[in-house]
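Undergrad: Join these two chains into a complex; the hints should help.
Take a look at the letters that make up each chain.
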Amino acid sequence: MITPIEKVYAIVDHTRCLAYMLGDCIVPSNVREGYLARLVIRRTLRMMNELNIQEPLAELVEEQIKIIGMNSFEQDISVVREIVDRETTKFASTLERGTRIVQKLAKSYRAKSQRIPLSEIITLYDSMASSRRW
Amino acid sequence: MAHHASTPPLKKIYWKDRTVELCDQFIASIGGDVNNVTYKEHPWIGGGNAGPSVEVLIGGLEIATLVFMSLGRQKTQGHGYEMNGEMYYPMNLRIVDTGYGLERLVWASKGSPTIYDAVFPEMVSRVMRAAGLLHILDNKDYTKILALNAKFAGSWTSLARISSSCVKRWLLRSMYRRKNSTR
Chain A
7 MITPIEKVYA IVDHTRCLAY MLGDCIVPSN VREGYLARLV IRRTLRMMNE LNIQEPLAEL
67 VEEQIKIIGM NSFEQDISVV REIVDRETTK FASTLERGTR IVQKLAKSYR AKSQRIPLSE
127 IITLYDSMAS SRRW
Chain B
1418 MAHHASTPPL KKIYWKDRTV ELCDQFIASI GGDVNNVTYK EHPWIGGGNA GPSVEVLIGG
1478 LEIATLVFMS LGRQKTQGHG YEMNGEMYYP MNLRIVDTGY GLERLVWASK GSPTIYDAVF
1538 PEMVSRVMRA AGLLHILDNK DYTKILALNA KFAGSWTSLA RISSSCVKRW LLRSMYRRKN
1598 STR
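Sequence lines, in order, name chains A and B.
Mapping of the first sequence onto my numbering: position 101 corresponds to residue 107, and the numbering continues sequentially without gaps.
Mapping of the second sequence onto my numbering: position 55 corresponds to residue 1472, and the numbering continues sequentially without gaps.
Excised from the complex, chain B in its bound form (with noise of 0.2 Å):
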């Protein structure tokens, strides 16, 4: 999922701020909590352009990229500036380019150990009894990484929908599925 913005000279658009209020409204259109929401802003540098880019996390969960393209390696009347050694230059034309991670969302929103378990769980469950390897959920060590995995997946109280605890969740469901099992 994205929204993209390429903004002639003389005209305005829109660039940071825009994309990251639109990205804001987004998160919470959708129930998300934006007071858990973290920007982290850092440059980029890559196939001979550069810019500013904002990282979306939610509870340390990536969820989307906002890019922005704005300077080139071509030498223009703009303040140039120096990156991993190289001169950058500001661009006639600025680029607004998005990337949400549509599974992302859905595995913040389920609190799953990992993101399979959120985008295919019956699958996961079919192909784990298949292999015989439900007793492993027996396995305290197993459990405490999946419970690991989770916490640094680290979203299931971010979105506001969501009240219980990820881990229990899970666990719950896994004694289901070993329940079916051994019917």
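Just chain A, with the same shape it has in the complex (with noise of 0.2 Å):
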């Protein structure tokens, strides 16, 4: 039953970390500190989509950074939304890639009536391993 209201509180923490994150000139990418910034976005994306929130996590981003206080950044606010909404339709995208893939896979070794390998499973998880769940 508390579940979902932990979800909140994760998104409403999450969402202010990535104010400070992107506010401070972050760009979301595949290696240090950006790739921090990108796990927190699709974190947060992901908790969203559980539990059905419409709302562009822009917008949720934005409203914390006016909370803190626009002076309080560097990044101008235009681009931490042209930031947050990139990175939200990659991860949709990457996310229907992913799904695709498995699927792709699990019909093949159904209709060789096979298990799918261990070394599959591994491959999987190193070419998508920044859509899996954490």
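Please note that a few of the clues may not be correct.
Unchecked claim - Taking CB as the label site, the calculated pair distances span:
(1) A/40 <-> B/1510: 36 to 44 Å
(2) A/52 <-> B/1519: 24 to 32 Å
(3) B/1464 <-> A/65: 41 to 49 Å
(4) A/123 <-> B/1458: 51 to 59 Å
Said to hold, decoys possible - Sample of chain A residues lacking proximity to chain B, with all beta carbon distances greater than 12 Å (derived):
(5) 33
(6) 40
(7) 49
(8) 77
(9) 83
(10) 89
(11) 102
(12) 106
(13) 115
(14) 125
No wet-lab data here; the hints were simulated from the structure.
Glycine included, every Cβ here is placed at the ideal spot set by N, Cα and C.
TA: Quick look at the structure:
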């Protein structure tokens, strides 16, 4: 019963974290602090999906920036919005691609009446790691 | 938030008594009831050093930790202490390392069920509404859990400026939120 509320609190916490990260000019990427920002964005998006929240993530991050105070940050608010929107789209297509690959794999092994071997799972984990469940 | 002091040999800066005194004065200065503060002392070990440490709690909620580093693994002439099966000896340098939870103080002063409700109430409200979860506040079990949580945080009567019951206030606020959401 308490789980959805825990997610609400986590989203609230993560969006504030993102306000500071992106407001301080971190750009999401696949290395160093950029990767951390990407992980936080994706974890937040995942929880928002689970709660069926339609509001864009960029709106929530913008609200946090406004609460903290626009003058506290170097990054332009429109850039923050653009970054979050782009990451949101990118994550959706990564998830879609991942789902297609898993379905294809499952289908082909099912046709052969075999279990999916561990090596395939490891390849999946390595190549699609950014969309895995944490 | 923190204050630190590194005391070299033969010099006196400050140590335990003064640190606790500073902590007490700080709590009083922001309106806290010092008679409601618990100081809980116990030894700590970590990273090759050790010493005493003091947890600072208001009504059960930890708001600060005062850490004192006075022992090290290197053998010196002073009296050694065995901790977790290893020997620790007095160091020449004595270090005070404190940490105060800024947001925990806010939580203690607001007496809300969680630190989230104390630090970002507007966002909690907004995300609860976006997730369509406001109806959950009608659930008696849920409000009971939150009330218990607030009780365990235990701090709402601790700061002198706060007198009203936390849970009542929080529930009133929740009802207000719900009213707004149905507009």
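Undergrad: For every hint, state whether the structure bears it out.
TA: We went through each hint and held it up to the structure:
no.	hint	result
1	A/40 <-> B/1510: 36 to 44 Å	holds (39 Å)
2	A/52 <-> B/1519: 24 to 32 Å	holds (29 Å)
3	B/1464 <-> A/65: 41 to 49 Å	holds (43 Å)
4	A/123 <-> B/1458: 51 to 59 Å	holds (57 Å)
5	33	holds (24 Å)
6	40	holds (25 Å)
7	49	holds (15 Å)
8	77	holds (19 Å)
9	83	holds (17 Å)
10	89	holds (20 Å)
11	102	holds (23 Å)
12	106	holds (29 Å)
13	115	holds (37 Å)
14	125	holds (40 Å)
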